[in-house]
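Peer 1: Okay, here's what each chain looks like letter by letter:
Number of protein chains: 2
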Amino acid sequence: MAKEITSRQEDYSKWYNDLVLKSGMADYSPVRGCMVIRPYGFGIWERMQGALDRMFKDTGHVNAYFPLLIPKSFLSKEAAHVEGFAKECAVVTHYRLKNDPDGKGVIVDPEAKLEEELIIRPTSETIIWNQYKNWIHSYRDLPLLINQWANVMRWEMRTRLFLRTAEFLWQEGHTAHATAQEAIEETERMLEVYAHFAETYMALPVIRGRKSPNERFAGAVETYCIEAMMQDGQALQAGTSHFLGQNFAKAFDVQFLNKEGKQEHVWATSWGVSTRLIGALIMAHSDDDGLVLPPKLAPLQVVIVPIHKGAEDLNKIYDKIKPLLDELKKRGISAKFDDDDQKRPGFKFAEYEMRGVPVRLAMGMRDYEGNTVEVARRDTKEKGTVSFDGIADHIDNLLNDIQQNMYNKALSFRESHIRKADTWEEFEKLIEEPGFISAHWDGTSETEEKIKELTKATIRCIPLNNPQEDGKCIFSGAPSKERVIFARAY
Amino acid sequence: MAKEITSRQEDYSKWYNDLVLKSGMADYSPVRGCMVIRPYGFGIWERMQGALDRMFKDTGHVNAYFPLLIPKSFLSKEAAHVEGFAKECAVVTHYRLKNDPDGKGVIVDPEAKLEEELIIRPTSETIIWNQYKNWIHSYRDLPLLINQWANVMRWEMRTRLFLRTAEFLWQEGHTAHATAQEAIEETERMLEVYAHFAETYMALPVIRGRKSPNERFAGAVETYCIEAMMQDGQALQAGTSHFLGQNFAKAFDVQFLNKEGKQEHVWATSWGVSTRLIGALIMAHSDDDGLVLPPKLAPLQVVIVPIHKGAEDLNKIYDKIKPLLDELKKRGISAKFDDDDQKRPGFKFAEYEMRGVPVRLAMGMRDYEGNTVEVARRDTKEKGTVSFDGIADHIDNLLNDIQQNMYNKALSFRESHIRKADTWEEFEKLIEEPGFISAHWDGTSETEEKIKELTKATIRCIPLNNPQEDGKCIFSGAPSKERVIFARAY
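Chains U and S, in that order, give the protein sequences. Note that the working numbering has the first sequence beginning at 9, numbered continuously upward. Note that the working numbering has the second sequence beginning at 9, numbered continuously upward.
None of these hints come from the bench; they were simulated from the model. Possibly wrong hints are sitting among the right ones.
In this list, chains with the same sequence are indistinguishable; a pair is considered to hold if it fits within one copy or across any two.
Derived pair list, reagent style DSS-like, types lysine-lysine, alpha-carbon separation capped at 30 Å [unchecked claim]: (1) K337 with K304; (2) K324 with K344; (3) K330 with K344; (4) K267 with K30; (5) K106 with K458; (6) K337 with K141; (7) K324 with K65; (8) K351 with K464; (9) K417 with K389; (10) K95 with K141; (11) K106 with K480; (12) K344 with K389; (13) K337 with K65; (14) K317 with K389; (15) K65 with K338; (16) K317 with K65; (17) K338 with K304; (18) K95 with K121; (19) K489 with K106; (20) K85 with K121; (21) K106 with K121; (22) K112 with K95; (23) K65 with K304; (24) K106 with K85; (25) K356 with K317.
Here chain U stands alone, though its shape is the one from the complex:
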């Protein structure tokens, strides 16, 4: 077929880019580091949004919208936050253009300079906590459980479609609580929502854990994360949930009258996932023929291709298929009958494989007469001829099976690619192979940084419910009580 994809073996990175571009998920834009999310990619994001938004609402959250632009001075209010975020961001300095006196288009009007520069939000803690000050006065105003779906911008130097772009879409939850305990529970609850989403919808097993201090969110007391393994064995952080303590409440002076009648600073969390999840979805499951999408997120779940000569045959097949289309629609399964006469069936097959449609049906005249249909599943590429009777049930079950199988496959890949290293030599050897390394660490930032410098591996997380065992740091030999997960990461 025309749209050839580089194989994973040949060049994993090029394979990924080929897939994203050729399947019509996204495109480059003329603005450095910013991507266009095309309808097929956006269809996946809409399904992700729908599922997550329901889970957020089921856990008591409501949506709101805060300004895109943040006064520059806000960023410096929380000391750690400004260190982590303020540097690489888009700065608005003027608010007007004017005609170029030389007649060459428009220029920035020097008269229209802002008194204080505005920053395009890299994240919204500061602008939101500045607002919460007006909304929170007493314990009766708490908890405040707000989420925002928005675009944010971080001026990344090296960008990759979906995985790291200057502008990206995300959701950011920002909650306020009366006690530290409640805020920590919220942080953990939302981590679990993310993990459940990744596993159930994305068919992506994740390790739940805490970040080392080095990798914490700027301004957080504790950062929880879910980490997934891609097919090249590298890690991808798929979501984070932060316990912010009273840091932002203090920076913006948000206090409340507690039940005992005393003023106290509010406790906070924030948590987010982004369009980067689409990159994770692609990297975790797809193959050299194209995307492999889990049925729960696929914009199109079933495609039906007629194989016929002439209009009469086509009509016969369509009449037979029509009740199936209605039945699938009734079950909430998206299906398409592709009767485009300008493309040959083989071309269509390759196209739908490329786009990762989970189930493909094909019906020729022999099938028609024998009351059968050919069914092909995208994940395993198995195909076979089945009876047309009860075909809707068959498809329904098959979609569930594909969803589960994709998860199992990713899980077994991950399980076979987490290895223990007990000496530095082992570590250095293993880190050159695909996968995660489980190893002891002395708990210091110095060691973590040194290991990163030498091997490009970082501590992805300290797993939750981590078994405690005595050991020695892989690098320094200092005593350690538990293993942590090391990997190279996206």
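Put chain S on the given structure of chain U with help from the hints.
Peer 2: Relative to the frame of chain U, chain S by itself:
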């Protein structure tokens, strides 16, 4: 009650602001001209989005996402467009901050100056048509029917919550077609979608029309609009749909191979509605006690307030109400049982009135024992005691009735406030009274501008299917074939 609202009579403009702020719809932000949409206001926007998005998809559109930032040079590519838009917009000139050497927070890093400034999108025609160039090659790629939900920014000098803010949320459809005829049909189709939405969901009658050349979108060949009348008789443009001809295709050189094998420029439309609709919704229906929301867009449709002494009575009432809550949920009606013991029933009544909840039920022990319930409707303030048997049906019908009644009331208000003026004296007198004026116009921009200068009234639209009649321009006396709608507008 504590949260007093200025009456419409006293100060219409202050009434509106009071309502928006005190009902918890929105709040001011520290960024000039930018608002915070609070959860209650955002709940309405989510319902608007949901309904519109379904209609867009039912008419064949898909969603996508294009970059927030537009290279400055793009704006000058379409000559009329730059005149209309380029001037008042937020300009990004730098991409990095650094620590202030004086230790006072952060400053813009002068080293990080962009080669070409970027503009925060005021609308996306330019960035989208630049992309369409890569996607459209042949008639087989057409039509391209894409919509985007996004934030946009126009540096307005005078802002008002929801009605005119520097940043606002909207959707913008951008479609590409093989023929002018098809594009015009699309423009009209989407105008009708907007009109249907306004009338059916917002309970807001609108006049469908075309704009005069003066009021056309910058870069459009023809702008269609829907115009609504607010309670003070002023007009509010509630949605626009533009036939762009080949203007943007030519500016960005987007050509396609037509069926005859010839290269031709593509035909375009764009259409949008924004969070300004929330302002229209408030202004059209609300009263001096607070919001009046149409049931189809109300975040909460039914509230049930128990009137009791002590926990035992409360439990009895709750047990009686619980099956009703379940039944309403099953019917897709949002309902809340408000058993907050810290607030008195009278306070709650006022609060829900303020927030425009369409139906309020109250049950005391006498109701409980008599198997009745008090039902109050927000729109007419009528209340009465009805049997608890069949109460779910009663509520269901009442919600439909309220939706219809709100529309009828707004329609009859509008109909009684459109007056004909046949002399300039009449016009000058009528324009000082609330309402629209139907009058003859000579079709020239000069006359339109002069009338605006003298009276602040603009031509809101030339209604579709306008009756043709001979007349004389209200201002110049020149011959005219039809009346147009004049009004002062938001």
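Peer 1: When Cα atoms must be at most 30 Å apart, do K65 and K338 count as within-copy, between-copy, both, or neither?
Peer 2: both (26 Å within a copy, 18 Å between copies)
Peer 1: My question is about K95 and K121: at a cut-off of 30 Å on alpha-carbon distance, are they close within one copy, between copies, both, or neither?
Peer 2: Result: close both inside a copy and across copies, 21 Å intra and 13 Å inter.
Peer 1: Indicate which option fits the pair K351, K464 if close means a Cα-Cα distance not exceeding 30 Å: within, between, both or neither.
Peer 2: Neither, since 47 Å and 59 Å both go past 30 Å.
Peer 1: Between the shortest in-copy and the shortest cross-copy C-alpha distance, which are at most 30 Å for K489 and K106: within, between, both, or neither?
Peer 2: Neither way: K489 and K106 sit 64 Å apart in one copy and 40 Å across, limit 30 Å.
Peer 1: Are the CA atoms of K330 and K344 at most 30 Å apart within a copy, between copies, both, or neither?
Peer 2: Intra 10 Å, inter 43 Å, cutoff 30 Å: intra-copy only.
Peer 1: Between K106 and K458, at a C-alpha cutoff of 30 Å, which is it: within one copy, between copies, both, or neither?
Peer 2: Between copies only: 26 Å across, 52 Å inside.
Peer 1: Please work out whether the CA atoms of K344 and K389 approach to 30 Å or closer within one copy, between two copies, in both situations, or in neither?
Peer 2: within (19 Å within a copy, 50 Å between copies)
Peer 1: First find the shortest C-alpha distance between K106 and K121 inside one copy, then the shortest across copies, and answer within, between, both or neither for a cut-off of 30 Å.
Peer 2: Classified as both; 13 Å inside a copy, 19 Å across copies.
Peer 1: Pop the pair K106 and K85 into one bin, within, between, both or neither, using alpha-carbon distances up to 30 Å.
Peer 2: between (35 Å within a copy, 15 Å between copies)
Peer 1: Between copies, within a copy, both or neither: which fits K417 and K389 at Cα up to 30 Å?
Peer 2: Within. Shortest intra-copy distance 14 Å satisfies the 30 Å Cα cut-off; inter-copy 61 Å does not.
Peer 1: For K112 vs K95, is the C-alpha pair at or below 30 Å within one copy, between two copies, both, or neither?
Peer 2: between (33 Å within a copy, 15 Å between copies)
Peer 1: Up to 30 Å between alpha-carbons, please classify K267 paired with K30: within, between, both or neither.
Peer 2: between (59 Å within a copy, 25 Å between copies)
Of the numbered hints given earlier, the model fails hints 6, 8, 11, 16 and 19; all others are met.
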